[in-house]
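Trainee: Here are the chains, one letter per residue:
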Amino acid sequence: MAKEFDIPKLPTYLEIPEINEGAMEGKGPFKSSKEFQTPLGFPGEKVDNWQEVAINKMGELKSKYRSVQVFLDACVKCGACTDKCHYFLGSSDPKNMPVARQDLFRSVYRRHFTFAGKYFPKLVGAKELDDEMLDDWYNYFHQCSQCRRCSVFCPYGIDTAEISMAAREVLDAVGVGQKYCNQILGKAITIGNNLGLPEPALRDTLLDLEEEIEEETGVAVKYPLDVKGAEILLITPSADFFAEPHIDGLIGYGKVFHQDGVSWTMSSYAAEGANFGMFIGSYDIMRKAALRIRKAALDLEVSRVMVGECGHAWRVAYSFWNTLTGVGAGASATDEFAQKLQNQLDSRYPQPQHIIEYTHDLIQRGKLDFDKSANDDRTVTFHDSCNVARATNMGGIPNGQFILPREVIKAVCNNFVDMERGTIMESTFCCGGGGGLLTDDLMEIRIKGAMPRMQALKEVEKSDAVDTLVAICAICKSQFSKVLPKFDFDPYMIVSAHQLVSEAIIMDKPQTDDSQAEVAKEAETEKVD
Amino acid sequence: MSVVSIFFTALFYISLAIFLIGMTRKIYQYWMTPVPLKIPTAPTPLTQTGVVMRLAREVVLFESLFKSNKWTWLFGWLFHVGLLLVLIRHARYFWPGDLPEIFLLIQPFKYAAFAMVIGLFGLLGRRFFVERIRYISAPSDYLMLLLLLVIGVSGVVMTFTSNHTDVIMVKEFASGLIVFNWADLPTEVHFLVHIFMVFVLMAIFPISKLLHVPGVFFSPTRNQVDDARKKRHISPWALKQEQEHAIKLDQTLGQDSEGK
Chain A
1 MAKEFDIPKL PTYLEIPEIN EGAMEGKGPF KSSKEFQTPL GFPGEKVDNW QEVAINKMGE
61 LKSKYRSVQV FLDACVKCGA CTDKCHYFLG SSDPKNMPVA RQDLFRSVYR RHFTFAGKYF
121 PKLVGAKELD DEMLDDWYNY FHQCSQCRRC SVFCPYGIDT AEISMAAREV LDAVGVGQKY
181 CNQILGKAIT IGNNLGLPEP ALRDTLLDLE EEIEEETGVA VKYPLDVKGA EILLITPSAD
241 FFAEPHIDGL IGYGKVFHQD GVSWTMSSYA AEGANFGMFI GSYDIMRKAA LRIRKAALDL
301 EVSRVMVGEC GHAWRVAYSF WNTLTGVGAG ASATDEFAQK LQNQLDSRYP QPQHIIEYTH
361 DLIQRGKLDF DKSANDDRTV TFHDSCNVAR ATNMGGIPNG QFILPREVIK AVCNNFVDME
421 RGTIMESTFC CGGGGGLLTD DLMEIRIKGA MPRMQALKEV EKSDAVDTLV AICAICKSQF
481 SKVLPKFDFD PYMIVSAHQL VSEAIIMDKP QTDDSQAEVA KEAETEKVD
Chain B
1 MSVVSIFFTA LFYISLAIFL IGMTRKIYQY WMTPVPLKIP TAPTPLTQTG VVMRLAREVV
61 LFESLFKSNK WTWLFGWLFH VGLLLVLIRH ARYFWPGDLP EIFLLIQPFK YAAFAMVIGL
121 FGLLGRRFFV ERIRYISAPS DYLMLLLLLV IGVSGVVMTF TSNHTDVIMV KEFASGLIVF
181 NWADLPTEVH FLVHIFMVFV LMAIFPISKL LHVPGVFFSP TRNQVDDARK KRHISPWALK
241 QEQEHAIKLD QTLGQDSEGK
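Those protein sequences? They're chains A and B, same order as listed. Reminder that position 340 of the first sequence reads as 340 in the working numbering, one-by-one numbering, no gaps. Reminder that position 209 of the second sequence reads as 209 in the working numbering, one-by-one numbering, no gaps.
I should point out that these hints are in silico values taken from the structure, not numbers from a laboratory. Treat each hint with caution, since some may be false.
[As the list claims (entries may be wrong)] Only pairs whose alpha carbons sit at most 30 Å apart, straight line, appear in this in silico BS3-like list of lysine-lysine:
1) 70/B / 288/A
2) 240/B / 9/A
3) 230/B / 295/A
4) 367/A / 230/B
5) 231/B / 295/A
6) 295/A / 67/B
7) 231/B / 340/A
8) 228/A / 187/A
9) 288/A / 171/B
[Stated by the list, open to error] Negatives, chain A to chain B, calculated, CB over 10 Å:
10) 76
11) 284
12) 295
13) 299
14) 332
15) 364
16) 459
These numbers were taken from a predicted model, which means no experiment stands behind them. Think of the CB as a built atom: it goes at the ideal place given N, C-alpha and C, for glycine as much as any other residue.
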């Protein structure tokens with residue numbers, strides 16, 4: 001952390017750097033200790049027979065995940081991905097080229113699981129898993145934000161995220177875990193959120209927020225917690241409760257719910273959208289964290305589950321919740337586990353639904369009024385967060401995950417500009433802090449990895465005077481707050497999409513009797529549906 | 001039959017057996033390995049038809065590679081298309097008896113050999129001269145291109161220079177392999193080198209990166225429908241765990257189920 005490093009300069013055109021071997025060599029992020037490893041079922045320290053354990057684990061993973069097996073075999077080393085990773089572009093360390101990162105894992109796979117690697121290791125670049133290799137794994141698989149940009153450009157769709165998840169799972173199995181992720185996961189699966197925030201603290205925070213909003217707007221926007229029988233259960237990243245600028249997004253969600261008049265709640269038992277189980281590659285831990293949401297939905301008897309602005313949370317929710325917990329639709333008639341929940345959920349709505357989908361739908365139906373001039377002091381651009389962009393959909397239309405957020409922003413704001421096409425949508429550059437890297441001990445790689453995004457942002461700053469960067473991901477927001485000033489930007493230029501919504505939305509007032517207004521609104525909603 | 005003919009005849013069947021058994025095993029392995037999660041990469045198809053179209057574009061046009069790098073795409077596509085056309089043209093050697101008229105149509109495919117060879121030189125050049133690709137190349141990556149180049153160039157030499165080989169003999173040998181009516185083969189060195197390398201290529205197919213051929217069809221990021229919210233997707237092992245109410249946090253030390 002104390003290591004000195006140069007902050008990359010922002011070029012006018014993004015150039016592919018010459019490789020600089022060893023540029024990001026190091027010990028990697030802080031290692032996890034026994035107190036964080038044990039609750040997750042991982043060995044507390046590096047086990048004695050770690051090589052044997054690691055190789056067995058690799059064998060298990062490749063037999064459980066087709067992605068791992070196929071991706072390890074299919075790479076032809078064409079080099080298409082070599083200039084696609086933001087960490088390589090920012091650091092020039094060749095081991096940050098996606099294929100080279102995968103090869104750390106693949107070379108061991110070849111040595112132990114393939115004919116050619118067993119008998120002709122030199123010929124095919126097969127390598128033994130020794131201490132040095134394990135250190136390289138730990139270091140370089142924690143320089144991957146699992147953003148999947150490489151996968152878009154690979155002729156076989158090889159996804160380094162899958163390999164990096166597998167590698168981290170092997171590392172955890174031998175007792176070499178990452179402190180940041182595993183410490184947070186311990187809180188998430190015992191307390192229910194990454195901050196370790198107990199129910200009373202959460203309730204206090206929300207009450208404060210209600211007071212603050214009422215003071216400011218004169219409208220009694222509510223932040224209900226653990227309300228049984230509410231229609232919507234909102235699952236949002238816990239950063240929304242505290243962090244800046246996240247909390248302004250939460251204020252936005254509340255205002256939208258208020259205007260719609262829908263009954264909603266959050267859960268103190270499952271007060272976390274983020275699921276770091278994905279980052280460490282563990283199906284079981286990811287499932288354990290997600291099952292809290294299932295339980296909350298069942299206990300609170302909600303008919304809709306909604307997700308706040310968080311990138312990987314939305315990936316887990318959209319792509320994995322149905323699999324892990326049954327939050328979704330289309331379970332077979334014999335699937336009691338999923339049917340139990342799916343029968344409770346309202347099939348007229350997508351389950352789970354993204355808050356952007358919800359707001360977008362209300363805008364489409366003319367249920368929200370905006371004073372767009374409230375955002376006239378801003379010129380806005382949108383950062384597609386990698387997990388939303390490359391691993392999910394919104395609105396059920398092709399490329400909806402790119403269209404809907406932009407439409408919401410444009411509905412509340414007059415000045416919108418996109419960054420260069422090769423740096424947005426499915427080609428978006430990661431903020432540099434995703435995938436379990438959002439920790440101060442990884443600041444060097446976070447800053448270097450942010451360079452490609454910062455470069456594209458600098459160009460629209462120059463050409464269109466863009467002064468506001470919108471993201472719908474808690475990690476992006478935190479990361480940008482930290483790295484923007486390093487590249488001569490205002491750290492406060494990063495905002496939630498729902499902060500812009502919040503600023504432009506016209507609230508009905510005075511609101512003397514909430515409950516009556518809600519009933520009336522609800523009746524209206526039903527008619528429209 | 002001469003010793004050389006017997007050697008090459010035997011080598012053909014051995015290589016073919018390795019190829020067929022090896023590929024069957026790998027494809028079976030890919031087929032049987034579960035896909036526990038939905039992981040399609042954007043831009044994702046929302047329907048099964050969309051997936052078929054996506055894979056077709058990927059296999060025929062190399063869509064993702066085109067997005068990624070135009071030079072690699074150009075050389076890679078030239079090589080693959082050239083190889084495909086040349087391969088189709090080789091059917092005439094293996095066809096027992098008189099050729100149907102349709103084979104006249106594939107006669108011009110011989111020029112595709114140039115596309116193949118140009119593509120291979122391009123790919124080899126990139127591997128030598130582009131620093132990043134040189135960094136990721138193992139000796140086998142160069143050798144694979146050299147192997148294909150030897151095959152391509154020896155083929156070109158036989159077809160387009162005065163070093164023709166006895167095509168009638170080739171046909172008798174090749175079709176004889178198919179109908180088990182073995183015959184002598186021509187013994188010009190360039191012909192022997194040509195078929196030797198082809199047989200080697202067949203044999204190493206299932207144990208090398210040539211597995212990208214079946215791999216592309218099994219790649220979950222490319223072959224999955226993006227419908228996770230609409231349809232519950234669950235793998236057999238995960239379903240079993242779910243039914244047993246098991247979250248196996250304490251059993252992280254795994255075994256290779258393949259080996260059992």
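Trainee: Could you run down the list of hints and mark each one as holding or not?
Mentor: Outcome of the hint check:
no.	hint	in the structure
1	70/B / 288/A	violated (44 Å)
2	240/B / 9/A	violated (52 Å)
3	230/B / 295/A	holds (21 Å)
4	367/A / 230/B	holds (27 Å)
5	231/B / 295/A	holds (20 Å)
6	295/A / 67/B	violated (43 Å)
7	231/B / 340/A	holds (15 Å)
8	228/A / 187/A	holds (24 Å)
9	288/A / 171/B	violated (64 Å)
10	76	violated (5 Å)
11	284	violated (5 Å)
12	295	holds (13 Å)
13	299	holds (17 Å)
14	332	violated (7 Å)
15	364	holds (19 Å)
16	459	holds (21 Å)
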